[in-house]
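Since each chain comes alone in its own frame, lean on the hints to assemble the complex.
So the chains spell out like this:
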Amino acid sequence: MDSMNFDLAVTPLRDLNRFLHKEAVAQGIKQVTVLHPDGAHNIAVGLNAPVAVDIEGHAGYYAAGMLKHGEVTIHGNAGTGVAENMMSGKVHVKGFASVSAGASAHGGLLVVDGDTSLRCGISLKGGDIVVGGSVGSFSGFMAQAGRMVICGNAGDALGDSLYEAVIYVRGKIKSLGADARIEDMTESDYQAVGELLAAAGYTYDPHEFKRVASAKSLYHWNADANQEY
Amino acid sequence: MNDNEHILKHIAKEGSAGYDRKIMDYIHNAATHGLYEIRGMGAKRAVPNFDDLVLLGASLSRYPLEGYREKCSTKTILGTRFASKPIELEIPITIAGMSFGALSANVKESLGRAATELGTSTTTGDGGMTAEERQSSKTLVYQCLPSRYGFNPDDVRRADAIEIVIGQGAKPGGGGMLLGQKISPRVAKMRTLPEGIDQRSACRHPDWTGPDDLVIKIQELREMTDWEKPIYVKVGATRTFHDVKLAVHAGADVIVVDGMQGGTAATQTCFIEHVGIPTLAALRQAVDALEDLNMKGKVQLIISGGVRTGADVAKALAMGADAVAIGQGVLYALGCNHDAYTLDGVVHSACNDYEQLGTAAGYCHHCHTGRCPVGITTQDEQLAQRLMPDLGAKRLKNYLKTLNMELTTLARACGKQNVHHLEREDLAAMTIEAAAMARLPLAGTDWIPGFSQM
Ligand code: SF4
Numbered sequence: 001m002d003s004m005n006f007d008l009a010v011t012p013l014r015d016l017n018r019f020l021h022k023e024a025v026a027q028g029i030k031q032v033t034v035l036h037p038d039g040a041h042n043i044a045v046g047l048n049a050p051v052a053v054d055i056e057g058h059a060g061y062y063a064a065g066m067l068k069h070g071e072v073t074i075h076g077n078a079g080t081g082v083a084e085n086m087m088s089g090k091v092h093v094k095g096f097a098s099v100s101a102g103a104s105a106h107g108g109l110l111v112v113d114g115d116t117s118l119r120c121g122i123s124l125k126g127g128d129i130v131v132g133g134s135v136g137s138f139s140g141f142m143a144q145a146g147r148m149v150i151c152g153n154a155g156d157a158l159g160d161s162l163y164e165a166v167i168y169v170r171g172k173i174k175s176l177g178a179d180a181r182i183e184d185m186t187e188s189d190y191q192a193v194g195e196l197l198a199a200a201g202y203t204y205d206p207h208e209f210k211r212v213a214s215a216k217s218l219y220h221w222n223a224d225a226n227q228e229y
Numbered sequence: 001m002n003d004n005e006h007i008l009k010h011i012a013k014e015g016s017a018g019y020d021r022k023i024m025d026y027i028h029n030a031a032t033h034g035l036y037e038i039r040g041m042g043a044k045r046a047v048p049n050f051d052d053l054v055l056l057g058a059s060l061s062r063y064p065l066e067g068y069r070e071k072c073s074t075k076t077i078l079g080t081r082f083a084s085k086p087i088e089l090e091i092p093i094t095i096a097g098m099s100f101g102a103l104s105a106n107v108k109e110s111l112g113r114a115a116t117e118l119g120t121s122t123t124t125g126d127g128g129m130t131a132e133e134r135q136s137s138k139t140l141v142y143q144c145l146p147s148r149y150g151f152n153p154d155d156v157r158r159a160d161a162i163e164i165v166i167g168q169g170a171k172p173g174g175g176g177m178l179l180g181q182k183i184s185p186r187v188a189k190m191r192t193l194p195e196g197i198d199q200r201s202a203c204r205h206p207d208w209t210g211p212d213d214l215v216i217k218i219q220e221l222r223e224m225t226d227w228e229k230p231i232y233v234k235v236g237a238t239r240t241f242h243d244v245k246l247a248v249h250a251g252a253d254v255i256v257v258d259g260m261q262g263g264t265a266a267t268q269t270c271f272i273e274h275v276g277i278p279t280l281a282a283l284r285q286a287v288d289a290l291e292d293l294n295m296k297g298k299v300q301l302i303i304s305g306g307v308r309t310g311a312d313v314a315k316a317l318a319m320g321a322d323a324v325a326i327g328q329g330v331l332y333a334l335g336c337n338h339d340a341y342t343l344d345g346v347v348h349s350a351c352n353d354y355e356q357l358g359t360a361a362g363y364c365h366h367c368h369t370g371r372c373p374v375g376i377t378t379q380d381e382q383l384a385q386r387l388m389p390d391l392g393a394k395r396l397k398n399y400l401k402t403l404n405m406e407l408t409t410l411a412r413a414c415g416k417q418n419v420h421h422l423e424r425e426d427l428a429a430m431t432i433e434a435a436a437m438a439r440l441p442l443a444g445t446d447w448i449p450g451f452s453q454m
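Read top to bottom, the protein sequences are chains A and B. Counted from 1, the first sequence has number 17 at position 17 by full-length UniProt numbering; the numbering is strictly sequential. Counted from 1, the second sequence has number 305 at position 305 by full-length UniProt numbering; the numbering is strictly sequential.
Worth flagging that the hints you see were computed from the coordinates, not collected in a lab. Please read these numbers as outputs of a predicted model, since none were measured by experiment. Check each hint, because a few of them may be wrong.
[Stated by the list, open to error] Each computed BS3-like pair below joins lysine-lysine, with the alpha-carbon atoms no more than 30 Å apart: (1) A:94 x A:210; (2) A:216 x B:189; (3) B:397 x B:44; (4) B:85 x A:68; (5) A:68 x B:189; (6) A:68 x A:94; (7) B:189 x A:210; (8) B:189 x B:298; (9) B:85 x B:397; (10) B:298 x B:75; (11) A:68 x B:397; (12) B:401 x B:296; (13) B:397 x A:22; (14) B:138 x B:189; (15) B:138 x B:397; (16) B:85 x A:22; (17) A:22 x A:68; (18) B:85 x B:298; (19) B:296 x B:138; (20) B:298 x B:44; (21) A:174 x A:210.
[To be verified] With beta-carbon atoms standing in for the labels, derived distance ranges: (22) B:17 x A:224: 48 to 58 Å; (23) B:351 x A:224: 30 to 40 Å; (24) B:249 x A:33: 27 to 37 Å; (25) A:208 x B:80: 53 to 63 Å; (26) B:23 x A:224: 18 to 28 Å.
All residues carry an ideal CB built from backbone N, CA and C; glycine is no exception.
The shape of chain B in the complex, shown without the other chains (with noise of 0.2 Å):
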């Protein structure tokens, strides 16, 4: 091969940037079948996150509490505006909303039970409540969704919060889709709709449109409930400073902001790339917006959307959240995308499943299609036999259990007693847009971009 001959050859392979092999099977995939991917899980795109923090421990201006033999409390207390019988959690950390039809019932059962023992709450989701998850769940959060599957008053009186869902962080603006497969003749029950069917959910309330109403709306919530519950309302992050201003002003107990990492059952990835802003971003305007309002501490702020270990727990708390939700990290917990599943004791392994299903274990984002190799989001009664209750609350509580403890460690090392105590003077950030997302300093120095000068 002679030199222009060698040339050639590279110029030959090279691809391009622009209609990259990911972009061109996009093509395809709409060119062959007129349908957008629809899929679960949440943005595979990196954004900047927790992990571009950095905590800054004690040393010689500050004091560290020893790790092993000096207390931290993690006792959190939700809604403490108007309900009169707020949430108390002995931990910050709680489970997401994740709906019945999009989980199995045993993993449902798995979310209460593991909650209930470390003293944390779970959270009902689109299909309404299951008598499973109300019984294993010491503190529960009812949804009230714009689909209203399911969605009963008596359920409403049985709740320990109501939390009025407004958005997604995967998918704001949006509304889901639960492909006919997962609509089994319980799903399809509970829901009001024919079994094996699309089921496409509203993306906004059917009975009220914009701020003015949901001041009403959550005075119903309260009039219905004797004004015992809080109520929280949920946001998928987008113009997060003016939602979580309007969420005071109508009146929220708690208020739930969820990430653009944040994940779902089945949407389109259009939305899951595309729609909505980075969990660390809509913090910062979250707390800027209860700052503003002089309702820091009032209102209560939980953050969701890609918190996975407890140094991001540390880090949304030093930001300024009160509590933090976990859906995709509890779903790893119990197994997902892992190659093996027990069974009666046995170990087997998944990996044929997900290959069938065109993926492998450490890639999967299947949910949608009901074929859950290791039994979890799926409503085939073989494939949920895949993860029993027991272990799935024992797996789950393993992990809940271990943020908790690096959260109390990386406080501790803060020199906090109290992991509420964590605050942003405790940060730096490593890139120049974390940085500036989270209006911290960069390492090392005072510059926080658009706020200060270098």
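Isolated chain A, as found in the complex (with noise of 0.2 Å):
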């Protein structure tokens, strides 16, 4: 046997964590089927190991929350904070996700098929991040390295702060946040767009998406950057 139903109507949250943290190594177990979640917080928050986590319907805060090795695909739409400060693995959210999805995220990849709350990818550290559907306002707020892929459109102050993250938009950009602007795509930006919209599952041609970036003028004191610094 290599895999475990864990149906959360009847076993509570801390077994199953505690499994995932304790025994499913040792075990050789490698995928997991969460029942019921019905909005549960905290599934599978800090797994560590290389496991498939199935939960099969809506999660709530923190799903997968700092996740190393594992691969977490939630049937259903997730709460706040899905995925937060990931280091490695993958995320898929089937449905929406709610505010700060990603957020300082250092590594792996986190894919919302629907659209995501405000504050998608708010200081992501590392990561990467496609989302199949629009991300609602301050979206990459302060997003130091990685990159987010969206195929919908994206809501007000787009990447405000950004430091190094690169931010790919298909659709509409309602404002850009201080100190981010659209860039002229590269070779470089369609490939890295193609990989990730291949890896998330997607057929959009890259070459509809454009680039957004730092401008850099903030990094430095600047006395007329006004309110922006």
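Given below as structure tokens:
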């Protein structure tokens, strides 16, 4: 047996997480299915092993938070902070995601098939995020490294105070945040977008995307930047 | 000179109370640079503090313990509410979070070594956990800060406790500012930043926005660590009564309250001097909140911000704190503002280096420059050599040991076999302001301003 089911209608979340942290690898379990998640918070947080977790329904806050190595698929919507501070592995939300999806993720890939709410990819530190739908305002705020691919539209203040992270957008951008600018796509951008779309399972043409990156005018004190610094 | 000329001469040199030298310099600086002053250290203004309280040593109505023979316990246990592995300390004096980046790696190692030898804890900071400090610290508290620089689940698992930092006493509500000169290659790598840029750190956490979310964030960290490690919540002192209550409701095991005298590596002076309330007032509000919820002793309280001496520690404990955390005092112990440093056993003057920074030993608050004359708050490899871990650990150990000796001496004088038995009844206030803030009687009276009749 290399798979297991956990029914959160009858099994406490604590038992699921303890199993994922301490027993799954020892027992040779490679796949865990979580039934009746019903919006429970903190499902599969701190997973640190190459185990695939399928959440059969909606997840609450911080699903797959701080993930390393594992692969978590949410067959529903995800609450606040899905895949926050992810280090590696993959999280796939088949539905929509709430605020702060992929916040401060250092590595790994977050895919959201639907839309994400405000502040998607806030403080991103190196992970990759692909959103099939649109993202809310202040997405990519203070993102330091990593890449975001947005197949739909972006809300207000996209990429405000970006550092070295890059955002690719296919649809409309309501407004750019402080220090963010649209730049020409290069061959390596097309290649990066193509690879990320393929990893996420999308077939859009990379040539439909534009690149948003930091203008770097706020990297050092700038008295003329008014309130933007 | 006739009488009239004499009077006019004095009037001609009369300063303005509203626009004194300090405020004039401030306006000239703002007009020249269009930038607020950013600096290190804590508030320069005088506010009511522990010096405004006195301990009531035993005489006839109380019986003191013999200072040199009778034992006085200092054992301190933190995180007994939910964590399966609470923190056990030999002394109630801990080292506050200070980041690698603000401090050199040598200093971080010194802190760990000294804390370990004295059986207390040290704390990481905004730059994440360094290998040196994990290795040197037996008990290490790992901070989860808004910036999440270098925040790593492997380090969470390696930590002994986790401190969710909501705010700092020097700048409640504000983010940090590490100027480009301190973003060395190693700091840049740990923080995922380009080298040499100004680092503006966030003032709020990226993935939660209020007390209801904090409940779930705390649960996430507990789930992540299998409910083993205590979760601390640190707040900068402002609306402390309500903040402490919310932190208790959110599930904190330990609450850290940092008063306005708390230090910082670099932030706007307007924050340091004008935001937050004094430690004395915050401590009383925090204890009130715990007592109101009947959680005193169940959720432990650490107070920080201007705790400098063993007497401060004794007074903080008597007011209701379970432990104190020290940041700035620790830096002074390491040699901050000293006029000399020791390199290869030879004492060198640091006076020229202070002068080059435009200051002098005793007046320096130039941590933000990265040019610390005594090698503490720097990432410059040569300057950092001015404080080697051996010497740093030794100085810090001496300082903390002295504080602990003073604490137990004072506790014994109040008749206590355990420093945690110090109580509010052992205190009186020296000024009306301190009496009102700490809600203690003015010395020699039963009068507590606002609470009892004169
Ligand atoms: S001596 Fe060093 S640590 Fe002390 S205030 Fe000056 S720069 Fe900061």
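Can the restraint linking residue 298 of chain B and residue 75 of chain B be considered satisfied, given a maximum Cα separation of 30 Å? Measuring from Cα to Cα gives roughly 16 Å; hence the hint holds.
So if I understand the rule, the pair passes when the alpha-carbon distance is 30 Å or less; does residue 85 of chain B with residue 298 of chain B pass? The hint holds at about 15 Å.
Keeping to a limit of 30 Å between CA atoms, is the pair of residue 189 of chain B and residue 210 of chain A held or broken? holds (28 Å)
Measure nothing beyond the straight line between the CA atoms of residue 401 of chain B and residue 296 of chain B; if it is 30 Å or shorter, mark the hint as holding. holds (27 Å)
Given the proposed pairing of residue 397 of chain B with residue 44 of chain B, does the C-alpha separation stay at or below 30 Å? holds (27 Å)
Does the Cβ pair residue 17 of chain B, residue 224 of chain A satisfy 48 to 58 Å? For residue 224 of chain A against residue 17 of chain B, whose Cβ atoms are near 35 Å apart, the range 48 to 58 Å is violated.
Between the alpha carbons of residue 397 of chain B and residue 22 of chain A, is the straight-line distance 30 Å or under? Distance ~39 Å between residue 397 of chain B and residue 22 of chain A Cα, so the pair is violated.
Hey, residue 68 of chain A versus residue 397 of chain B, does the alpha-carbon distance stay inside 30 Å? violated (38 Å)
Has the given pair, residue 68 of chain A with residue 94 of chain A, been kept, meaning a C-alpha gap of at most 30 Å? holds (20 Å)
Please verify whether residue 174 of chain A and residue 210 of chain A have alpha carbons no more than 30 Å apart. holds (14 Å)
Given the hinted pair residue 85 of chain B and residue 22 of chain A, is their alpha-carbon gap at most 30 Å? holds (17 Å)
Take the C-alpha atoms of residue 85 of chain B and residue 397 of chain B, compute the straight-line distance between them, and say whether it is at most 30 Å. Holds. Residue 85 of chain B to residue 397 of chain B sits at ~26 Å (cutoff 30 Å).
Of the numbered hints listed earlier, those contradicted by the structure are 8, 11, 13, 20 and 22.
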